[in-house]
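Put together the whole structure using the sequences plus the hints.
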Amino acid sequence: MVSKENCRNEIRAAIRQLSDRCLYSAAKWAGEQLVGIEQDPSNFTPSNTRFQRGSSSIRRRFSTNESISTPQPSVGFSQAATPLPEEDETIDGDLYLLAKSYFDCREYRRASHVLRDQKSKKSVFLRFYALYLAGEKRKEEEMIELEGPLGKSDAINRELVSLERDLSALRSTGAIDSFGLYLYGVVLKEKGNETLAIASLVESVNSYPWNWSAWSELQSLCTSIETLDRLNLNNHWMKDFFLGYAYQELRMHTESLAKYDYLQGIFSFSNYIQAQTAKAQYSLREFDQVEIMFEELLRNDPYRVEDMDLYSNVLYAKEACAALSYLAHKVFLTDKYRPESCCIIGNYYSLKGQHEKAVMYFRRALKLNKKYLSAWTLMGHEYVEMKNTPAAIDAYRRAVDINPSDYRAWYGLGQAYEMMGMPFYALHYFRKSIFFLPNDSRLWIAMAKCYQTEQLYMLEEAIKCYKRAVNCTDTEGIALNQLAKLHQKLGRNEEAAFYFEKDLERMDAEGLEGPNMFEALVFLATHFKNHKKFEEAEVYCTRLLDYSGPEKEKAKSLLRGIRMAQTGFPSMDLEHFPI
Amino acid sequence: MAGLTRTAGAFAVTPHKVSVCILLQIYAPSAQMSLPFPFSSVSQHNRLGLYLLSLTKSCDDIYEPKLEELINQLRDVGEEMDAWLTDHLTNRFSSLASPDDLLNFFNDMRGILGSLDSGVVQDDQIILDPNSNLGMFVRRCILAFNLLSFEGVCHLFSSIEDYCKEAHSSSAQFDASNNDLESLIHYDQMDMEIYAIDKATEELELQKNVNRSVPFHLHTPEAIFKVIEGWRVSPKESSRTSKKITEATLVASASSSTVEDTLVDESLFLRTNLQIQGFLMEQADAIETHGSSSSFSSSSIENFLEQLQNLAPELHRVHFLRYLNKLHSDDYFAALDNLLRYFDYSAGTEGFDLVPPSADCSMYGRYEIALLCLGMMHFRFGHPNLALEVLTEAVRVSQQLSNDTCLAYTLAAMSNLLSEMGIASTSSVLGSSYSPVTSTASSLSVQQRVYILLKESLRRADSLKLRRLVASNHLAMAKFELMHVQRPLLSFGPKASMRHKTCPVSVCKEIRLGAHLISDFSSESSTMAIDGSLSSAWLKDLQKPWGPAVVSQDSGSRKSSTFFQLCDHSVSIPGSVSQLIGASYLLRATSWEFYGSALMARMNTLVYATLFGDHSSSSDGELAYLKLIQHLALYKGHKDAFAALKIAEEKFLTVSKSKILLLKLQLLHERALHCGNLKLAQPMCNELGGLASTAMGVDMELKVEASLREARTLLAAKQYSQAANVAHSLFCTCHKFNLQIEKASVLLLLAEIHKKSGNSVLGLPYALASISFCQSFNLDLLRASATLTLAELWLGLRSNHAKRALDLLHGAFPMILGHGGLELRARAYIFEANCYLSDPSFSVSTDSDTVLDSLRQASDELEALEYHELAAEASYLMAMVYDKLGRVEEREEAAALFKKHIIALENPQDVEQNMA
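As you go down the protein sequences, you meet chains A and B in turn.
Note that the first sequence covers residues 236 to 814 in the working numbering.
Note that the second sequence covers residues 4 to 919 in the working numbering.
FYI, nobody ran anything at the bench for these hints, they're computed from the structure.
Check each hint, because a few of them may be wrong.
[What the hints assert, rightly or not] Calculated pairs, DSS-like style, for lysine-lysine (alpha carbon to alpha carbon, straight line, at most 25 Å): (1) A:Lys374 with B:Lys168; (2) B:Lys682 with B:Lys642; (3) A:Lys426 with B:Lys168.
[Stated by the list, open to error] Simulated DEER-style distance windows between Cβ atoms: (4) B:Thr613 with A:Ser403: 53 to 61 Å; (5) B:Gly52 with A:Ser403: 50 to 58 Å; (6) A:Phe670 with B:Glu309: 23 to 31 Å; (7) A:Thr489 with B:Glu309: 34 to 42 Å; (8) B:Gly693 with A:Glu771: 57 to 65 Å; (9) A:Val396 with B:Gly385: 29 to 37 Å; (10) B:Asp90 with A:Val396: 55 to 63 Å; (11) A:Gly726 with B:Tyr335: 31 to 39 Å; (12) A:Glu554 with B:Gly385: 30 to 38 Å; (13) B:Glu309 with A:Asn241: 33 to 41 Å; (14) A:Lys724 with B:Leu771: 48 to 56 Å.
[Claimed, not checked] From the derived model, a few chain B residues whose C-beta atoms are all more than 12 Å from chain A: (15) Arg369; (16) His738; (17) Val764; (18) Gln778; (19) His804.
Predicted model, so just to flag it, every value in this text is computed and none were measured.
We put the beta carbon where it would ideally sit given N, CA and C, even for glycine.
As structure tokens, this is what we get:
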């Protein structure tokens, strides 16, 4: 196990180096992890305890959970610690200091101009980085200036060409450091050269693992598990963070959870890890747990906006209006122009049934970030509610084109087309969504319903779908009931009885009652009576007698019939038993 | 959706337009003199004016020429003052040093316009009328410039810099060794002229022998092309092949150049919505015309479309183009993906101009069109059941949304599907869906359903005035009438009076009705002309007047003719219309083929190939070639057919789903059978079978053809019972899939098999059945050949039936001799001789000439066919006759001939080697 003290020292140094190079978000991330490590009691200061107090309560609440699920992986932290690179200059040059302050004031071009003749690695990196950011800034502006009638978006970062040339020259002479490699990777990625970008980023993180930005870029390039497995990465605890993140994006939630559990051994109070765990749990639909985790998270870090859209989704699913409005209000006060904030407000309005307003906020979120996947999907849902199917389809399609494996959007597309009375067309989309999430019974049931529509009436296919749904542990219990009914409709009473029995078992286990129960009981009683299995029939009949209503009468007459048949009288009662 | 809401068709200032403005300033300086400075004559001045007029007209085209191209064109226009013009142009550009200069420039531009109400214009003053074409252009430019924000002006400025830089760099590249720019241009230009003259003369030569293709075009620079194109004063007479290649390369080079240049050229590239729509329309036509032939690779289009999509993400039409492209390169998954994406984004409301926009459609979208397209896609990829299911849904949805137009199209597509794909019984497929239209006919057979669907579609199309659909429905109806026996629809059963016939008159009527389309279009001309070809037609024509000027100086007369050409385009017939009309000619050819007039069939095919070849889709063009080659094979023998096949192969083999391969196999098989080379015939036949899809109901024609040939091969190998088995099962398949006409020929084949196996009694009913089939379908030629077989059967029965057989034969003779192929004629002649010889009342010695004449005819025709078996028979009979007559010398000759054919028949491989 890597000692916590080592970790702490590494991160402390890294934060300094990262912020020297103006890699602020990486520095921020590292800082979060630094305070996430359990404080050693020796340098216990009152300011530190602030973090400790809240966090420990999470540990208490989940202590049962953790004690089971933290088997230490055998591989462990056996990796050799990567030595911290020495700074190449102990005293920063004056020009560097000036440039950095320009950079901090977001005057990127000025910063890079000041550093034009500097030779130290730090200055060189800062010059390139400032140039890159200047290009990005100009690109964003041009995007708006040049927007034509057809949504032109061909603005490019005009510095990329020169940056690539200079950086590759640096690289071939070997004068490039790990930060330069990171920037080189980013540039290559923007130019569409993915393999080289991956190579460059891997080199960068292997020589300097503490740059989280490099890891995130690398993750965004790992679109399949094969690419991920092919990476040749040194062992370091940062790699575990990376893997956890990458697994999550590849929808391997349990693997990702295992990684985070393990990391929590060291970074016990890391908000980041907690948020990521919550994300994974959310994908596994453990809403109650996720809600508790987010509550804790907010208590520790009340001004956090990141990942809060997920929390709002949970609150939406649980229909917690008050909590959602509280969250929305808080986030709104913190930073109203974050896509997450807009999304949360949109969710709130959606829950309140004010779909136009919801759409307005989702639109705002998308204006802030055009590639904000969940906003497109949620907007699609809103349009469906507003019965504006073309707009809904458009929104869903955009989500799918941003991320083709977004099963929710595929499902939404299918639903929208089904709504318009085009079930056969919709089937294609349902198939797509199932392809990406084959273990979700809801999707199978939706597809089965599609087959069942009166336009298609392809019952055999519907039965197949319901069977798959049953295999995926259908929580709502629609599938069993439907299977039984379909078989009954097709005159296959044996199968129908089988599924009614199963459904009955399920309802018993969950303690449910309702019309489905009556239906099942009546069918089973009649079925067994017709097949002369009087004992079973009697059992079901007596169960029916417990309920009032027409079923009770039915049960009585059934029982009478059974008695008659049992005593050997020819069945001469006037009643017929329609199935 | 966002793309739809924004205003389309804005006019943007581009560097090219700035250069046009500069030229306009030269043309009409605000100075007061009758002839501005550089011009030496009024005609010169007018020439520039004309050139500028065509430049402004072509400004709506998608591609704007680069500065270099513009300078090249100027050279052709400017004659001796070209240097001055280019110098002025480049100087003017280089004098633009800051955005402010641009502002001043456009302020100056205002000066060349006359004021709207000024009556006092001096006689010798050149002033642009603000309401003229040129004046309007200037005004639009000024207005567009004034609307620009400061950022916009900056962008314009920097793109002008790129525009000039590019011209410099490319001309510098042209000859890097020569640093002196002045002399470089001079040299360059001389070279050009010589080159152009060279090529032009070459072109003239080429036009003389039209049929040779012109591959050198692929390597000549584009500028020269345009110069050369000027030579074609009347494009209709010029060679078809070379024009096609020209177009293809134009497109290809254009797209490749954009691919390279997009990084520099983006800001120039994006045009108004309308321009791009027109351009895309044109591309779609091109994809259809060329299919995936080699000169038009689908990947280059794909690349180009990808670029376009990056540039204009809201232009959803691109997805549809990608779909079309993928469809033609047979990539099912990508095609499906793009089709769905297109409709998801556009809701079917963008780009489908066949539907007049109505108020209610915007709310719900037009997803029924998506279903229609999806159905047609499944049809093309050979999934008939899926296609039917989707189309049924399309019918339902368009009924629900009362979109009658779409309904009419869908019904037409459905009937097309049902008639093309051999769907054994629709009840299994359609039974599950309840659609008012389709379910009324649930008890009817497939062809009745096709009939109902067609009628229904025709009625709707007629009332909606969808002329193209009406025409194509008429054609489909003609096809239906041709292929199917008409029966009264509702009173069905044994008692109903049956008009058990096809009716050639109604076929003819339908075809004629279909062809009415062309007159409809010439009378109402412009409403349907949103065809995309129009906007770019201007640019293509632009170069025409200037080409000759390079070579010959008397350009006055030509100029007037170009005006007519320009006007001509506004009434030109859209490609889709001429394609439909072409299809009607093809259908005519096919119907004549069935009815047994070889000449008429050939004539109609030739009409098609000469008049409509340019506009046709590649598959239609291929079909025409196919028909002509088959005709050659039947009437001129195999040698000619193979020669023609070679030409067609070069042209069409790269087209996807090419039928050329099929034809080649057929021809090879036929020849192998004739030569008695069964070892070759068998694999050919197997390969034919392999071409057909394994899916049930798809490629029925091919499947029938393959088993027909299998039976014939077996027959030639004298395996009678197997051959009969194959033919029997084939008959059952034909019956199951309602292939009536094929049934007639299968019956004939069965009769043939029984005849060959010496079982004439069994053969008779088959022959009679075949004749009655032919009668009800009016298949005269097939009937004649069936009659021949019947006669042969009678003779085979007993020799004293010779008289009856001869009578039968003589009844069929006019048809056989008039329209029959070589083989049929030879057979008839030999059989006639046989009849005479076996007739006991006939004496050879007195009437030898009747016999010998027909035998000689027969052997002549068989020579061309290389049909050894029959040829041997003919020479044998001849030798016998000569023997009877005692003409020894001629007898020996005939015997030698007989021997030769027999040897050839026994050793087919030797003959092959000799051939090789």
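Results of checking the hints against the structure:
1. A:Lys374 with B:Lys168: Holds - the C-alpha atoms of Lys168 of chain B and Lys374 of chain A are around 22 Å apart, at most 25 Å.
2. B:Lys682 with B:Lys642: holds (21 Å)
3. A:Lys426 with B:Lys168: holds (24 Å)
4. B:Thr613 with A:Ser403: 53 to 61 Å: For Ser403 of chain A against Thr613 of chain B, whose Cβ atoms are near 59 Å apart, the range 53 to 61 Å holds.
5. B:Gly52 with A:Ser403: 50 to 58 Å: holds (53 Å)
6. A:Phe670 with B:Glu309: 23 to 31 Å: At 25 Å between Cβs, range holds.
7. A:Thr489 with B:Glu309: 34 to 42 Å: holds (38 Å)
8. B:Gly693 with A:Glu771: 57 to 65 Å: holds (59 Å)
9. A:Val396 with B:Gly385: 29 to 37 Å: For Val396 of chain A and Gly385 of chain B the Cβ distance comes to about 48 Å; the hint is violated.
10. B:Asp90 with A:Val396: 55 to 63 Å: Violated, at about 33 Å.
11. A:Gly726 with B:Tyr335: 31 to 39 Å: holds (38 Å)
12. A:Glu554 with B:Gly385: 30 to 38 Å: violated (50 Å)
13. B:Glu309 with A:Asn241: 33 to 41 Å: Given about 50 Å between the Cβ atoms, the range is violated.
14. A:Lys724 with B:Leu771: 48 to 56 Å: Check passed, 53 Å falls within 48 to 56 Å.
15. Arg369: violated (9 Å)
16. His738: His738 of chain B clear of chain A: closest Cβ-Cβ about 29 Å, beyond 12 Å.
17. Val764: holds (51 Å)
18. Gln778: holds (44 Å)
19. His804: His804 of chain B clear of chain A: closest Cβ-Cβ about 61 Å, beyond 12 Å.
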